[in-house]
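Engineer: Next come the chains, spelled out residue by residue.
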Amino acid sequence: MFDYKLLKSEELAVFKLRALYRSYGYLPFKMSKFEDYDLYARNKDFLVSDRVITFNDTDGRLLALKPDVTLSIIKNTKNTGDKQKVYYNENVYRVSGSTGQFKELLQTGIECIGNIDIADIFEVVLLASRSLSTVSEDYVLDISHMGIVTAALSEATSDKSLKKHIMQLIAEKNSHEISEICRQNGIPEDKADVLVSLSRMYGDRCTVLERLSRICPESAQSALLELRQLDSLLTSSGIGDSVRFDFSVVNNMKYYNGIVFKGFLSGICEGVLAGGEYDNLLESMRISSRGIGFALYLDLLVELDRPGSEYDVDVLLLYSQDCAPEMLVAKKAELIASGKSVYSSTEIPEKLTYRETIKLD
Amino acid sequence: MLNIALPKGRLGEKVYDILERAGYPCEAIKANGRKLIFENSEQGIRYFWVKPSDVSIYVERGAADIGIAGKDILLEYTPDVYELLDLKIGKCRMAVAAKKGFRDDGRKTLKVATKFVNITKKHYSGISRDIDIIKLNGSIELAPILGLSDVIVDIVETGSTLRENDLDVVETIVPISARLIANKASFKFKTKEIENLVQGVRLQIAEND
Numbered sequence: 001m002f003d004y005k006l007l008k009s010e011e012l013a014v015f016k017l018r019a020l021y022r023s024y025g026y027l028p029f030k031m032s033k034f035e036d037y038d039l040y041a042r043n044k045d046f047l048v049s050d051r052v053i054t055f056n057d058t059d060g061r062l063l064a065l066k067p068d069v070t071l072s073i074i075k076n077t078k079n080t081g082d083k084q085k086v087y088y089n090e091n092v093y094r095v096s097g098s099t100g101q102f103k104e105l106l107q108t109g110i111e112c113i114g115n116i117d118i119a120d121i122f123e124v125v126l127l128a129s130r131s132l133s134t135v136s137e138d139y140v141l142d143i144s145h146m147g148i149v150t151a152a153l154s155e156a157t158s159d160k161s162l163k164k165h166i167m168q169l170i171a172e173k174n175s176h177e178i179s180e181i182c183r184q185n186g187i188p189e190d191k192a193d194v195l196v197s198l199s200r201m202y203g204d205r206c207t208v209l210e211r212l213s214r215i216c217p218e219s220a221q222s223a224l225l226e227l228r229q230l231d232s233l234l235t236s237s238g239i240g241d242s243v244r245f246d247f248s249v250v251n252n253m254k255y256y257n258g259i260v261f262k263g264f265l266s267g268i269c270e271g272v273l274a275g276g277e278y279d280n281l282l283e284s285m286r287i288s289s290r291g292i293g294f295a296l297y298l299d300l301l302v303e304l305d306r307p308g309s310e311y312d313v314d315v316l317l318l319y320s321q322d323c324a325p326e327m328l329v330a331k332k333a334e335l336i337a338s339g340k341s342v343y344s345s346t347e348i349p350e351k352l353t354y355r356e357t358i359k360l361d
Numbered sequence: 362m363l364n365i366a367l368p369k370g371r372l373g374e375k376v377y378d379i380l381e382r383a384g385y386p387c388e389a390i391k392a393n394g395r396k397l398i399f400e401n402s403e404q405g406i407r408y409f410w411v412k413p414s415d416v417s418i419y420v421e422r423g424a425a426d427i428g429i430a431g432k433d434i435l436l437e438y439t440p441d442v443y444e445l446l447d448l449k450i451g452k453c454r455m456a457v458a459a460k461k462g463f464r465d466d467g468r469k470t471l472k473v474a475t476k477f478v479n480i481t482k483k484h485y486s487g488i489s490r491d492i493d494i495i496k497l498n499g500s501i502e503l504a505p506i507l508g509l510s511d512v513i514v515d516i517v518e519t520g521s522t523l524r525e526n527d528l529d530v531v532e533t534i535v536p537i538s539a540r541l542i543a544n545k546a547s548f549k550f551k552t553k554e555i556e557n558l559v560q561g562v563r564l565q566i567a568e569n570d
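Read top to bottom, the protein sequences are chains A and B. In this text, residue positions in the first sequence follow our numbering: the first is 1, and each later residue adds one. In this text, residue positions in the second sequence follow our numbering: the first is 362, and each later residue adds one.
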């Protein structure tokens, strides 16, 4: 007798997603809770927050409670080009933006590293979309391509901090400030127009591709082709309007170079899934492969939980001190067998809510 | 239903006027009273008044789909939201001010009094100037007069408060105005409604220009 209703949203999701990833040939990846702090110190910008819980191991080595899973998986990747497809369910330890304090967060996700091709990229995007639809049919997956955003930025300026600033404005869909910044920095109007257009470019895949083809920089034609191929594969797999293109999805260009994406579920006020292709990160870790993956932040799913029942238990079974234990045990077993939840006590508990009371003398 | 967070006060009233002209009226909002939430179910909108510095929190956390916040608040708290429009009202500037005749010779740590700690940090780290931030919650102009700080970083509208207190603007950090912001997730699921509202407001701003 297994009641699925007892599972919280995130527990149910873990259960279903494991089956989904397994069915696409992804293998489980289990890692240690701790990592050498050095791994994070070297790749600080890759982390969502640069604050990490550290401590010394018995031999004096500085260790950290892992704030991220991708780096650990890459660290264990052999530089042979062989394709590695893994999934994970792991706790990570990060500073929460709202409280400024460390929190334990449950993440699930996949990584695909090696000589990957468009079919692998499509598969990861498809799994991201299926991961969201597994939790709720009312979802949106927004896809962008860092190759196009970085090409447009490079054509406009070589100033690194200005590029970073404009990219932040693209992420905010802040077209009015992009125009202003470009004007102040003497960026030619045609180059500025491309950046403004990118910040406003979102919607169904077909419309965006058509608009994009008119402004896409020459140096990003291969990225445009990749988006076209992806769209065609998604369409032929019956993936409809929930998967869109939106160029306000951006990620650190030091690490991400290809397709990047972000997933949203109706009823949750922030993105619940994020991922992308991070060949630049692999290169910085001296691995000559391509890599793409995503993580789903399961802790956020708590907002989707159904309201709890009005009662904590169905039956409060009150028994007196004189009651024979055999009788109590038998009565409780009988009630449980009839599908009821039962709390037995000699006194009425203060905070418990119950549907009915049964007394045993 | 679109939930809209308006900043309490004069700016909020101006913003409401723009929204009303853009086709999103809600007569009840004009009645004087203590009510905080106003709904026009025909138009599918619900307005609520919140403290100006809280607008971005309501929007970032999804309690409001869109809101109107000053650029000062957005720069200070950097909420993860879309900034869709510059309303070009509530114009002022974030500036450094000091007592008349003050000169920063760079020989000692600069004492800066402000409400806007993050904007101040970013500005001075950008020019590699060592500073000591004194966080105050009001009457910032007092700080240099009483010798609590060398300079202040604050919003300057007309500059009359500064003049009355014998202070001068030393430099402008950034111009400020009211911005229309949207929750990122709301934008995904209420795209058409938000686009229509933004377009209506854009037309009104263009007319005002």
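Accuracy of the hints is not assured; some may be wrong.
[What the hints assert, rightly or not] Partial list, derived from the structure: chain A residues whose beta carbon lies under 10 Å from chain B: (1) Ser96; (2) Glu137; (3) Tyr139; (4) Asp142; (5) Ser175; (6) Gly203; (7) Gly271; (8) Val272; (9) Asp312; (10) Tyr319.
What the hints contain is simulated information worked out from the structure, not anything from laboratory work. Since the structure is predicted, the reported quantities are computational estimates derived from the model, not experimental observations. Virtual Cβ for every residue (Gly too), placed ideally from N, Cα, C.
Engineer: Of all the hints given earlier, name the ones this structure violates by number, lowest first.
Structural biologist: Going through the list in order, the structure violates hints 1, 2, 9 and 10 and respects the others.
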